[in-house]
Amino acid sequence: QKEVEQDPGPLSVPEGAIVSLNCTYSNSAFQYFMWYRQYSRKGPELLMYTYSSGNKEDGRFTAQVDKSSKYISLFIRDSQPSDSATYLCAMRKTGFQKLVFGTGTRLLVSP
Amino acid sequence: NAGVMQNPRHLVRRRGQEARLRCSPMKGHSHVYWYRQLPEEGLKFMVYLQKENIIDESGMPKERFSAEFPKEGPSILRIQQVVRGDSAAYFCASSLDNYGYTFGSGTRLTVV
Chain A
1 QKEVEQDPGP LSVPEGAIVS LNCTYSNSAF QYFMWYRQYS RKGPELLMYT
51 YSSGNKEDGR FTAQVDKSSK YISLFIRDSQ PSDSATYLCA MRKTGFQKLV
101 FGTGTRLLVS P
Chain B
1 NAGVMQNPRH LVRRRGQEAR LRCSPMKGHS HVYWYRQLPE EGLKFMVYLQ
51 KENIIDESGM PKERFSAEFP KEGPSILRIQ QVVRGDSAAY FCASSLDNYG
101 YTFGSGTRLT VV
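Those sequence lines, one after another, are chains A and B. For the record, in the first sequence the residue sitting at position 92 is 92 according to this note's numbering, with numbers rising by one throughout. For the record, in the second sequence the residue sitting at position 52 is 52 according to this note's numbering, with numbers rising by one throughout.
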């Protein structure tokens with residue numbers, strides 16, 4: 001069993017839709033949770049960074065962490081074709097710099 | 001303010017040759033990380049370095065792979081005697097502290 005599970009997609013939505021991306025994990029020691037966006041042939045770009053449980057909002061993006069269920073989500077409101085990319089969740093334990101990534105979900109937003 | 005710079009962007013090596021991948025962190029960043037991304041897989045941690053020190057190399061294969069981050073100059077990931085299975089995208093990232101990393105655009109290694 002992988003430490004972090006993420007549906008690879010692709011997830012296809014029309015422009016303007018609300019997108020929900022999710023990851024589950026098995027290690028309860030994870031305390032820091034991140035979402036990265038990766039365009040084709042580019043490096044990952046940090047979108048959201050949260051600590052422990054709760055919600056965090058930044059513009060059209062909302063990150064949620066439910067540690068009791070070992071489940072994290074990223075919501076994208078008013079999705080745009082420019083949001084088409086692969087979204088990677090990542091997490092780490094306190095005191096460790098190593099990030100454990102999900103395999104990524106490919107998102108396609110059609111005009 | 002340049003980001004994390006990796007070179008070369010693409011590298012082709014024949015089996016048995018050496019591959020050297022370079023990474024210049026963002027200005028002021030003293031933490032460097034190397035990750036490998038295989039097709040259809042997420043990024044896998046390889047090594048974490050600070051200036052002149054390897055902090056965590058738990059993700060590095062035991063043989064043929066080495067990494068350094070000297071006092072002066074870029075961080076280097078070195079793969080000796082490459083094999084076809086080493087073909088992947090190698091990403092370097094840097095950070096100032098314990099916050100999120102900034103990734104470079106990667107080096108795509110192809111072993112023929």
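By construction, these hints were calculated from the structure, which means they are not laboratory data. Ideal placement from N, C-alpha and C gives every residue a C-beta, glycine not left out. There may be inaccurate statements among the hints.
[What the hints assert, rightly or not] Subject to a maximum C-alpha distance of 30 Å in a straight line, what follows is the list of computed DSSO-like cross-link-like pairs (lysine-lysine):
{"no.": "1", "chain 1": "B", "residue 1": "K62", "chain 2": "A", "residue 2": "K67"}
{"no.": "2", "chain 1": "B", "residue 1": "K71", "chain 2": "A", "residue 2": "K2"}
{"no.": "3", "chain 1": "A", "residue 1": "K70", "chain 2": "B", "residue 2": "K71"}
{"no.": "4", "chain 1": "A", "residue 1": "K2", "chain 2": "A", "residue 2": "K56"}
{"no.": "5", "chain 1": "A", "residue 1": "K42", "chain 2": "B", "residue 2": "K44"}
{"no.": "6", "chain 1": "B", "residue 1": "K71", "chain 2": "A", "residue 2": "K67"}
[Unchecked claim] Pulled from the structure, derived: some chain B residues nowhere near chain A, Cβ distances all over 12 Å:
{"no.": "7", "residue": "R9"}
{"no.": "8", "residue": "E18"}
{"no.": "9", "residue": "L43"}
{"no.": "10", "residue": "K44"}
{"no.": "11", "residue": "V47"}
{"no.": "12", "residue": "I55"}
{"no.": "13", "residue": "P61"}
{"no.": "14", "residue": "E68"}
{"no.": "15", "residue": "G85"}
{"no.": "16", "residue": "A89"}
[What the hints assert, rightly or not] Taking CB as the label site, the calculated pair distances span:
{"no.": "17", "chain 1": "A", "residue 1": "R77", "chain 2": "B", "residue 2": "R22", "range": "37 to 47 Å"}
{"no.": "18", "chain 1": "A", "residue 1": "D78", "chain 2": "B", "residue 2": "S66", "range": "24 to 34 Å"}
{"no.": "19", "chain 1": "A", "residue 1": "A17", "chain 2": "B", "residue 2": "Q17", "range": "27 to 37 Å"}
{"no.": "20", "chain 1": "A", "residue 1": "P81", "chain 2": "B", "residue 2": "K44", "range": "45 to 55 Å"}
Structure-based check of all given hints:
| no. | hint | result |
| --- | --- | --- |
| 1 | K62/B / K67/A | 34 Å, violated |
| 2 | K71/B / K2/A | 37 Å, violated |
| 3 | K70/A / K71/B | 40 Å, violated |
| 4 | K2/A / K56/A | 26 Å, holds |
| 5 | K42/A / K44/B | 16 Å, holds |
| 6 | K71/B / K67/A | 40 Å, violated |
| 7 | R9 | 9 Å, violated |
| 8 | E18 | 24 Å, holds |
| 9 | L43 | 5 Å, violated |
| 10 | K44 | 8 Å, violated |
| 11 | V47 | 9 Å, violated |
| 12 | I55 | 7 Å, violated |
| 13 | P61 | 16 Å, holds |
| 14 | E68 | 17 Å, holds |
| 15 | G85 | 18 Å, holds |
| 16 | A89 | 9 Å, violated |
| 17 | R77/A / R22/B: 37 to 47 Å | 40 Å, holds |
| 18 | D78/A / S66/B: 24 to 34 Å | 47 Å, violated |
| 19 | A17/A / Q17/B: 27 to 37 Å | 48 Å, violated |
| 20 | P81/A / K44/B: 45 to 55 Å | 30 Å, violated |
Violation of the numbered hints given earlier is confined to hints 1, 2, 3, 6, 7, 9, 10, 11, 12, 16, 18, 19, 20; the remaining hints are satisfied by the structure.
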